[in-house]
Amino acid sequence: MNINFAIKVAPLLLCLVLTAPAAELPAHSLAEFGPIATPAQADAALAKAAQEKAGLVVIPTNAPAAWHPQNLSQSIWRKPEPPAQTKTWGVTKGITVLDYRDGSIRVLVPSISGMQFNSTPLDLGVTHAAATAMITLHNDLIRGPVDAGGIAIDTFARTENQTFDVLAYHHAYSQGASAIYDGRVSYLGDSRSVIYRAQVQSEVEPFHGRVESWDPATQTLRVAGAEHADTLASGRPILNLQPDKIITNGLLYVTGPGGAMLGWGGAIRSSNAPWTREVVGRYLAIDEPSEYVPGTQNVRRWWLITGMAEADGVKQLTVQRHMWGAKQVGSISRLYNHRNFTDAVSKPKLLRYIIASGANVMDAAGSRLLLTPSPHLNFAPGDRIEQAIGPDPFRPIAMRSWIWDSVPGLIPAPVLEAVNAGPVSRSAVMSVTGRTGFGSVINVEQLTENGIVFGAPIENAALLFRGPGRIQWNNYRSMNVEPNGTLTLAVTALDIAGQGVNVNPNIRGLKIPVPTGKTNVVVEFAAPENSASYAAMARPSWPANHAVTEQTREGFTVVFDTPAPAGATIDWMIIR
Amino acid sequence: MKKFICLLALAATTVRGADSNSWVDVRDGTAKVSVPPGGIIVERTFCLPESQSAGHWAMYPMVKLNNDILRGTTSYREWLLEAVKAGKDQKFYVATLRGVFPGMFLNTGDYSGVARLCVKSLGYDEERGLSYLVADTDVDVPVRSLLHNKTHVNALHLETNSHTESQTSDILNWRHDYSQGDTYLYDARFWYMSDVHSTAGDENGVLFAAFVHGEVDGFRGQVASFDAATGQLAFKPSANVKTLGTGRPLINLNPAKAITAGTVTIEGTGDIDGHIRFSADAPVGSEVVGRYFAITEKSECVPGGKDIRRWYAIASVQKNAGGTKEIKIIRNAAGTKPAGAPTLYRASNYGKALPYIIAPGANVYDVSDAVGPNAYRQTLRLTPGPSTNFAAGDAIEQAIGPDPGRPVPFRAEVADSVPGIGPAPIFDIRNSGAVQRPSVMWIHGGQGDEPQNRADQKPPWENILLIESPSQNGIVFSAETTDAAILFRQPNNRPQPIKWLYDGGKKTATLTVSPTNGVMKFDGGGIAVLGGLINLKGLSGTAISAQNLRGINVAVPADAKEFNIVFPKAEPDAEYAVFVELNWLSAQAITEQTPAGFRITFATPPGKNAKLHWIIIR
Chain Z
1 MNINFAIKVA PLLLCLVLTA PAAELPAHSL AEFGPIATPA QADAALAKAA
51 QEKAGLVVIP TNAPAAWHPQ NLSQSIWRKP EPPAQTKTWG VTKGITVLDY
101 RDGSIRVLVP SISGMQFNST PLDLGVTHAA ATAMITLHND LIRGPVDAGG
151 IAIDTFARTE NQTFDVLAYH HAYSQGASAI YDGRVSYLGD SRSVIYRAQV
201 QSEVEPFHGR VESWDPATQT LRVAGAEHAD TLASGRPILN LQPDKIITNG
251 LLYVTGPGGA MLGWGGAIRS SNAPWTREVV GRYLAIDEPS EYVPGTQNVR
301 RWWLITGMAE ADGVKQLTVQ RHMWGAKQVG SISRLYNHRN FTDAVSKPKL
351 LRYIIASGAN VMDAAGSRLL LTPSPHLNFA PGDRIEQAIG PDPFRPIAMR
401 SWIWDSVPGL IPAPVLEAVN AGPVSRSAVM SVTGRTGFGS VINVEQLTEN
451 GIVFGAPIEN AALLFRGPGR IQWNNYRSMN VEPNGTLTLA VTALDIAGQG
501 VNVNPNIRGL KIPVPTGKTN VVVEFAAPEN SASYAAMARP SWPANHAVTE
551 QTREGFTVVF DTPAPAGATI DWMIIR
Chain B
1001 MKKFICLLAL AATTVRGADS NSWVDVRDGT AKVSVPPGGI IVERTFCLPE
1051 SQSAGHWAMY PMVKLNNDIL RGTTSYREWL LEAVKAGKDQ KFYVATLRGV
1101 FPGMFLNTGD YSGVARLCVK SLGYDEERGL SYLVADTDVD VPVRSLLHNK
1151 THVNALHLET NSHTESQTSD ILNWRHDYSQ GDTYLYDARF WYMSDVHSTA
1201 GDENGVLFAA FVHGEVDGFR GQVASFDAAT GQLAFKPSAN VKTLGTGRPL
1251 INLNPAKAIT AGTVTIEGTG DIDGHIRFSA DAPVGSEVVG RYFAITEKSE
1301 CVPGGKDIRR WYAIASVQKN AGGTKEIKII RNAAGTKPAG APTLYRASNY
1351 GKALPYIIAP GANVYDVSDA VGPNAYRQTL RLTPGPSTNF AAGDAIEQAI
1401 GPDPGRPVPF RAEVADSVPG IGPAPIFDIR NSGAVQRPSV MWIHGGQGDE
1451 PQNRADQKPP WENILLIESP SQNGIVFSAE TTDAAILFRQ PNNRPQPIKW
1501 LYDGGKKTAT LTVSPTNGVM KFDGGGIAVL GGLINLKGLS GTAISAQNLR
1551 GINVAVPADA KEFNIVFPKA EPDAEYAVFV ELNWLSAQAI TEQTPAGFRI
1601 TFATPPGKNA KLHWIIIR
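Respectively, the protein sequence lines represent chains Z and B. The opening position of the first sequence corresponds to residue 1 in the working numbering, with each subsequent residue numbered one higher. The opening position of the second sequence corresponds to residue 1001 in the working numbering, with each subsequent residue numbered one higher.
The shape of chain Z in the complex, shown without the other chains:
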C-alpha cells in the first residue's frame, strides 16, 4: 500500500529523520545502505535496509527519478519453521519508506502491518460542541481542479482474500448521536452530486497469450505475447486453447435444472461426442455465440469437469460449481439464453462445446505463473492460452444491512430512512432504471407485520401502474387492469363479505313511473349498452302479468296484461 499524501505527520516524520541524531532514531537515508545511482543499485540498497530492519528509510532526492521502489520488507514468521506444522506465528519487522522526490510525500508502508494512527485517550474537558477527529482533511478547490477528491483507494486483488476495503467498527459503550459515515453536500451551484455511489462492473476481457515455456516438474508456466496480463490472478484456471489439443467433436445438450441454483437435477449430455474418462480434470465451455459473455468477441465460461458416465450410448458430464463450497453438479443452471436448454430429451437443443485442458493458477506474482497439479497438462511453447473468467460470480451487492438488536428501544429506527426537509419536491425516494432489469424490485422473504405502509397523504396514487401491471397472489390468482381499462380478477371467486356491489347505472332502475291506464312502458338506459344482448327483469308495482319486449342498446319495453293504476311504477334489472 502506498500513501501519497501531504499530511503534516509526514513533515513530522521527515524532521525526525533529518534533525535528530541517527543513533537515537530508527531512521536512515537509503544511501546509508549502498550506492543508489541506478535503479538496480537502489533496489539492492532497499533490500539491504529491509534486511537490517532499518525502521524508517528516506529516499534521497538524488535517487534515480525512474526508480519505483516496492516495500517487500515484511513477512510472517512461524515456529517451527515451515513446512512443519505451525505452533506459533507472528509478523516480522518491516520498514517504512518515505519518498518525497517529486515533492509529495509517498509513504511505502510494510505490506502486513501498514501504517497506524492511534488516538491518545481524551482525558481533558472538551468545550462547546468540539469536533475532535483523528485525521482532518481540508480540501479547498479554488482554481483549476478536474477531479480533486479527498481520499482515493485503489485496490487490485490478485489473490484470494476476504477483505473490507474501508473497515469502520464503532463500539459504543456510552451515549450520543453517532454516524459511522456522515456525508453532507451543501450546494449553491447547479450541483450534480451523489453522496454514496456504488458501481459494479464485470470485467470480461481476461488474459490471453501464448506459452513461452512450461516446466511440468515445477508447474511453472512462462508466457509471451500477453494481453490483459494485468488481470492475471490466482484461483482462475489457465486453459490451453491450442486447436489441436481441444475436443470439439459432436454436440451436447443441457437439460434445465428447473430453477435449482446449482444445476442439481439437470444434465450435460451428448450422444455423439468422443468423451471418455479422459475429460475429467479438463474444462468445459459452451461454444455458442449466444452463450459468449456479452460485450466480448468470444469469451466463454469454463467449468471444471469432475465426472463422465455413459449409459445406453448417452454420455453425461458433471462439473464443479462453487456455492458455499465446491459442489459437483449435473448442469449449468444459468445459461444466458433459456432457449439453449433442452426441455424434452426427445428434442434436444444441440450445442457446440469446447473441452480444453487447464489448471488453476496458484501464484501469479512475478514473471511466471505457478499452476496447481492437474491431469492432462500438455503445454508446449507457442500454445494459445487464456485465463478463464469466473463462470459463476456471486455478483457484488451494492448495499447490505444486517441487524442484531436485542433491546426494543423507544424510537423507530428503520434500516433505510429518507427525509425531505427542504421546500421542493424530489422525484423519487427510489428510482430503478436500466435496460436489463431485475428479477424483482422489492423481495420480502422475512416475516413482517406490514409490507408496504402508506401513512401519509398521497396526492395522486398510492400504487400507480403506468402500463400493464398485475397484482398476483400465489401463482395463478391475479388482479390487473387491461389496456381498455377493465379490471380483471383472475380468482376463483370474488367474496365481498356480505357487502354490496355498486356497478354502472344501467344495472337497474327503481320506481320508474308508469302512466295511469298504460299497458306498456319504455325503459331508457342512462347510457347505451354495447348491444341488445342482456337479460332484463321487470317487476310491476300492481298485480299483472308482464313481459319484456323490444330490447335495444338504448333500453327495452315492458308490456302488462292489466293497465297501470294511479301511481304505478316498475323496478327493473339487467345483466349482460
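Worth flagging that the hints you see were computed from the coordinates, not collected in a lab. Treat the hints loosely; a few may be bogus.
Here are the simulated EDC-like cross-link-like pairs (lysine to aspartate or glutamate), alpha carbons at most 16 Å apart as the crow flies [to be verified]:
{"id": "1", "chain 1": "B", "residue 1": "Lys-1337", "chain 2": "B", "residue 2": "Asp-1403"}
{"id": "2", "chain 1": "B", "residue 1": "Lys-1499", "chain 2": "Z", "residue 2": "Glu-449"}
{"id": "3", "chain 1": "Z", "residue 1": "Lys-93", "chain 2": "B", "residue 2": "Asp-1125"}
{"id": "4", "chain 1": "B", "residue 1": "Lys-1064", "chain 2": "Z", "residue 2": "Asp-165"}
{"id": "5", "chain 1": "Z", "residue 1": "Lys-93", "chain 2": "B", "residue 2": "Asp-1028"}
{"id": "6", "chain 1": "B", "residue 1": "Lys-1499", "chain 2": "B", "residue 2": "Glu-1462"}
{"id": "7", "chain 1": "Z", "residue 1": "Lys-53", "chain 2": "B", "residue 2": "Asp-1028"}
{"id": "8", "chain 1": "B", "residue 1": "Lys-1088", "chain 2": "Z", "residue 2": "Glu-81"}
{"id": "9", "chain 1": "Z", "residue 1": "Lys-53", "chain 2": "B", "residue 2": "Asp-1025"}
{"id": "10", "chain 1": "Z", "residue 1": "Lys-79", "chain 2": "B", "residue 2": "Asp-1138"}
{"id": "11", "chain 1": "Z", "residue 1": "Lys-327", "chain 2": "B", "residue 2": "Asp-1025"}
{"id": "12", "chain 1": "B", "residue 1": "Lys-1611", "chain 2": "Z", "residue 2": "Glu-550"}
{"id": "13", "chain 1": "B", "residue 1": "Lys-1306", "chain 2": "B", "residue 2": "Asp-1217"}
{"id": "14", "chain 1": "B", "residue 1": "Lys-1091", "chain 2": "B", "residue 2": "Asp-1125"}
{"id": "15", "chain 1": "Z", "residue 1": "Lys-53", "chain 2": "Z", "residue 2": "Glu-32"}
{"id": "16", "chain 1": "B", "residue 1": "Lys-1032", "chain 2": "B", "residue 2": "Glu-1159"}
{"id": "17", "chain 1": "B", "residue 1": "Lys-1120", "chain 2": "Z", "residue 2": "Glu-81"}
Fit chain B to the given chain Z structure using the hints.
Chain B in isolation, oriented as in the chain Z frame:
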C-alpha cells in the same frame, strides 16, 4: 530551517492549551502515529497559477491508497473429503485447490480443536480424479472437517471504542459545493472477473455493508472500595471491563440492598405513557427515588444473555388508595422524560403481575481509570445520588442502555431549495449489465423468525416500507413487469392482505386472496364498479360460489306448458333463487329446482318466437 519545519509540524499537531503532542513510533518498521485529541490536520488549497489548468480528465486526490495484493493471502473454507490420520506428509483430499498454495497456513476444524497446518505441496490423484494437499498433522482429522483460512488485506481500518458520551461522525465527509461538476462523496466501484464468492462461508462482495450489533453482555464485578465523598469506586472485575462507559448506571446487586417483595404491573402500550403499579405488599416508598428499577420476569430479560435486565432510574413515587404504589421512571427520548411505563418485550406481559427488583446505583461519569491505558487502576467515578451505598464486596454490574436509539444503517435527509432539472431520487438504481439481478431490495432473515420464537413475539419487521411523507404517487411502475407488478407468494398458506383504513382510520377494508381456494375477498364498505362488471360467473350471497348467472333469450317451443333449463355447469346444490322473464304474457312458476337446473311451468303457453331470460342468485 529543518528544525523550524519540525517545530511547525509539532505545533500543528498540538491541541491548543493542552500539553499533548503527536509522536511517531517506527521501532518495528511500522509507522505508528499517535495523535493528540485534536488529531492531525491535512490541508490543501488547490489554486493553480493564473492561466494554468489541471490536466485532461485528471484526478488529484489529497490522499491516495494504492493496495496491490499479489501473493500470500487466501480465502478458503472447504470440507475434507476423507479422514486423515496423524502423521507426516499426509494427503488431505479436497474438492478444490482453488485458494491453496504451498507454504500456506491452513486450519483444520472450525471453532474448536483447530490444528495449524502448513501446506507442503499440492497434488492430483489421477487414479481417483481428486486433488489433494500435503501437510503434517499432529492429530487425526475427521472426514468433513473444515479446512480454512481467510485473510483481510484492507486499505483502511477504522476502529472506535467510545466509552464516553459524544456526538460523532466516524467518517465525516462534508462538501460545500459552490460551483458545478459531477461529484461523488463516496464512490465505491467493484470491478470483478472472478467468482468473487470463494468457498463455504463467504458473504460475497458488498460495496456498502452496515452491520448493527446490540451488545448486551456488560461489565460485572465486585466493589473493592467506595469513597462516597469523592464518588470513586474501586472494583474487582469479573467480566467485560472493556464495555464500561459513562452515562450508564452502576447497579449494586447486593441482595440485601435490593427490594423484590410483591409484584409490579405494567400498564401501557410501549410508549412512555402508562403506569408502573406495585402491589400493596411491595415495600416501595419515597426512599426508592434515585434507585433503579428492573423487571425480573424471564421473558423480559434481554435475549442473548443470562439474567440481563433493563434498569430504569426511578424519578418519583406515588401512593394510591388501597395500598398500591406507582413510580415514574426516567426514559430518554429526545430529552429526559419522566415516564409511566417501560416498553416490554412481550405485549402479553402488560397488565400481568410481574416480579421486579429495585436496587441502588449511580451513574458513571468517568471510566478513564477503568479502560484504556489506565485500566489497571480499576476505578470508576460516580455521579452523586441518593442511593450510592456501595460497600466492599457488593456485587455490581453496569446496566446496558434500556432504551437504545438503535442505529440507522442508512439515512438520507435532503433540504433542497431549488427544484432543478434532472430527477434526483434518493436511491438511484440501474442495471446496465447484460444479465438480470434477482432483486433491487431483498429483505430476508434466518431461522427463528416466527413470532412465538422471538423475545418480543413480533415479526422481525413491523413494516418493510413505511411512507410517512406526502407524495404525489406512492409506488410507480413505469416500466413493464414481465410477470407480476406485485406478487404475493403467500408462503405457509397465510393470506397476505391489502388493507385500507377508512372512516377516519376507525375502520379497515381488507382485500385478500385465499391461499387455499383462490377466492378473492373484499371486506369493507362494498365494491363500486363504475365501469360495470363483466365476465361474471355467478352471484352468491353465501360463501359458496355460483356456477351460473343467467340465460338470455332462451328459445321456448310454441305451445309449451313447461320448460326445463339445464345449467351449463351444475350448481353445488339446489339452494339458489331463480328469476324468469318471458316475452309473452303469462303467469309462471318454478316447479322444480335441482343442481342441474330448474323447470318453469306456464299458465299461458307461448306462441311462435317465444323466449325467456333467467337469472339465479345463490
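Okay, the hints, checked on the actual structure:
Under the criterion of a C-alpha separation no larger than 16 Å, the hint pairing B:Lys-1337 with B:Asp-1403 is consistent with the structure, at around 12 Å. The straight-line distance between the Cα atoms of B:Lys-1499 and Z:Glu-449 is roughly 12 Å, inside the 16 Å bound, and the hint therefore holds. A hinted pair counts as satisfied when its Cα atoms are at most 16 Å apart, and Z:Lys-93 with B:Asp-1125 does not qualify at roughly 40 Å. Proposed proximity of B:Lys-1064 and Z:Asp-165 is supported: the alpha carbons are some 13 Å apart, at most 16 Å.
This hinted pair checks out: Z:Lys-93 and B:Asp-1028 have alpha carbons roughly 5 Å apart, not beyond 16 Å. Using a Cα cut-off of 16 Å, the hinted pair B:Lys-1499 and B:Glu-1462 holds, with the two alpha carbons roughly 15 Å apart. About 8 Å separates the Cα atoms of Z:Lys-53 and B:Asp-1028, which keeps this hinted pair within 16 Å; it holds. Taking the CA atoms of B:Lys-1088 and Z:Glu-81, the gap is near 15 Å; set against the 16 Å cutoff, the hint holds.
Annotation: proposed proximity of Z:Lys-53 to B:Asp-1025 holds, straight-line Cα distance about 14 Å (limit 16 Å). Straight-line distance between C-alpha atoms of Z:Lys-79 and B:Asp-1138 comes to about 15 Å, which keeps the hinted pair within the 16 Å bound. For the hint linking Z:Lys-327 to B:Asp-1025, the alpha-carbon distance of about 49 Å lies beyond 16 Å, and the restraint is violated. Between B:Lys-1611 and Z:Glu-550 the alpha-carbon distance is near 12 Å, which keeps this suggested pair within the 16 Å criterion.
For the suggested pair B:Lys-1306 and B:Asp-1217, the alpha carbons sit about 8 Å apart, so the restraint of at most 16 Å is met. Among the hinted pairs, B:Lys-1091 with B:Asp-1125 is consistent with the structure: their alpha-carbon atoms are about 10 Å apart, no more than 16 Å. The hinted pair formed by Z:Lys-53 and Z:Glu-32 meets the criterion: a straight-line CA distance of about 13 Å does not exceed 16 Å. About 15 Å separates the Cα atoms of B:Lys-1032 and B:Glu-1159, which keeps this hinted pair within 16 Å; it holds.
A hinted pair counts as satisfied when its Cα atoms are at most 16 Å apart, and B:Lys-1120 with Z:Glu-81 qualifies at roughly 12 Å.
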